[in-house]
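Engineer: Assemble the complex: chain R is given as a structure, and chain S must be docked to it using the hints.
Number of protein chains: 2
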Amino acid sequence: YYTKVKMAEANVVLLDFWPSSYGMRVKIALAEKGITYECKQEDFQAKSSLLLETNPVHKMIPVLIHNGKPICESLNIVQYIDEAWNHKPSLLPSDLYKRSQARFWGDYIDKNVYNSVKRVWTGKGKEQEEHNKQFIECLKTLEDELANKPYFGGEDFGYVDVALVPFTSWFYTVETFGKLSIEEECPKLVAWAKRCMQKDSVATSLPHPHKIYAFALQYKQRHGLE
Amino acid sequence: YYTKVKMAEANVVLLDFWPSSYGMRVKIALAEKGITYECKQEDFQAKSSLLLETNPVHKMIPVLIHNGKPICESLNIVQYIDEAWNHKPSLLPSDLYKRSQARFWGDYIDKNVYNSVKRVWTGKGKEQEEHNKQFIECLKTLEDELANKPYFGGEDFGYVDVALVPFTSWFYTVETFGKLSIEEECPKLVAWAKRCMQKDSVATSLPHPHKIYAFALQYKQRHGLE
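Quick note, the sequences are listed as chains R and S, same order.
Under UniProt numbering, the first residue of the first sequence is numbered 1, with each subsequent residue one higher.
Under UniProt numbering, the first residue of the second sequence is numbered 1, with each subsequent residue one higher.
Here chain R stands alone, though its shape is the one from the complex:
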């Protein structure tokens, strides 16, 4: 059995791009399950043929390649990891109704957070205020759902935490460019983010906020968004 697991682990490859919150989700899930894997960084100016072959529909990271078979879309990958390595505690709740609630919030995050974050740090001029407002509204919806629980699913770190926490590595960038304080607006959410960072799986998967900021600054310069 031990040999079998080791072999399986040797066949896990992640196609990633380090500032991507979607890639971070997969890294957290793999770390939660204790899976070792090979991580390949993609270059967006010149996507690898491996990326184009394994994700021909979207041509986007992350892609998880398990025993030669590619899985795409980050929350789909997280669910696959959760089901494939079930020797460790499950990220999704076992209760059917709670599971449907977790998927609902994962989906909410997918549909709202990335765009809100990006609009704030790339915004300029009079649109900035509207972008900031929408971003805070989105966070407050999530904070209301978190309420006084330690994690979104309750006592244990799980699926919705994995879905959301990578975006907190962008908070410093968002606050600096957007000239806003997330802690003032959403103190419970910031406390939750700090709680998540106490976990090795999260701390080792998220880049330093200053590194993200340097990336965002470069991105804005390259795209004339200063």
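Calculated from the structure, these hints are not laboratory results.
Covered stretches of chain R (in silico footprint by chain S; criterion: 3 or more residues with CB under 8 Å from a CB of chain S, positions within the stretch not fixed):
hint, region
1, 71–84
2, 103–112
Heads up, simulated DSS-like pairs for lysine-lysine below, C-alpha to C-alpha not over 25 Å straight-line:
hint, chain 1, residue 1, chain 2, residue 2
3, S, K140, R, K47
4, R, K98, S, K59
5, S, K111, R, K59
6, S, K69, R, K149
7, S, K133, R, K59
8, S, K118, R, K111
9, S, K69, R, K140
10, S, K140, R, K69
11, R, K133, S, K59
12, R, K88, S, K98
13, R, K69, S, K111
14, S, K47, R, K111
15, S, K69, R, K111
16, S, K140, R, K59
17, R, K69, R, K33
18, R, K69, S, K149
19, S, K111, R, K47
20, R, K98, S, K33
21, S, K111, R, K118
22, R, K69, S, K98
23, R, K111, S, K111
24, S, K59, S, K69
25, R, K140, S, K47
26, S, K69, R, K98
27, S, K59, R, K111
28, R, K140, S, K59
29, R, K194, R, K211
30, R, K59, S, K98
31, R, K133, R, K220
32, R, K98, S, K98
33, R, K33, S, K98
34, S, K88, R, K98
Keep in mind it's a predicted model, so treat the numbers as computed, not measured.
Each residue gets a CB set at the ideal place from its N, CA and C atoms; glycine is no exception.
Structural biologist: Frame of chain R; chain S shown alone:
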């Protein structure tokens, strides 16, 4: 046991709006599982307090209320139904990898089909050609995935079929307003749609294409899109 199932069934309520492809998905899944339920039609000019209470985040149909607990977002509901009523064959494959593929395509349909369909039938002027082109590209991606299989998952009607087939009730509307022939462009997909319509669960859940057309015509008149 029989009494218990009957009681559970009595507590299934669907908040719906009949032309919605998302609502049709839920109806098909419930029919596949043989679940009787109460269907309440929502009025979009005056949303019911039940809808606002059960889906406070999106305020959108479909909502499935099972024993008083609301579940939102159509594919999330389909997954919940599949897991909650497991006395009938599963809509999602039991194989982990095939399940991840099914979720990938469900997600692709969610992200692409509704918008493509709507752009074609509401389009006008010189944008029409571009909308038609994008719509056909989207369908061809799906047709490539279907290839020569009877259903998306293989031999049996399943999750991806449930996700996609409701949109085929809009094809007549799309063809009429967009002045295009889906059968010419995607013959395999149209053959698949006809195959799905042989199933009672699908045939009883999809409105007649002419009824959808009359709805779309009214919608365009009301929104000045003629």
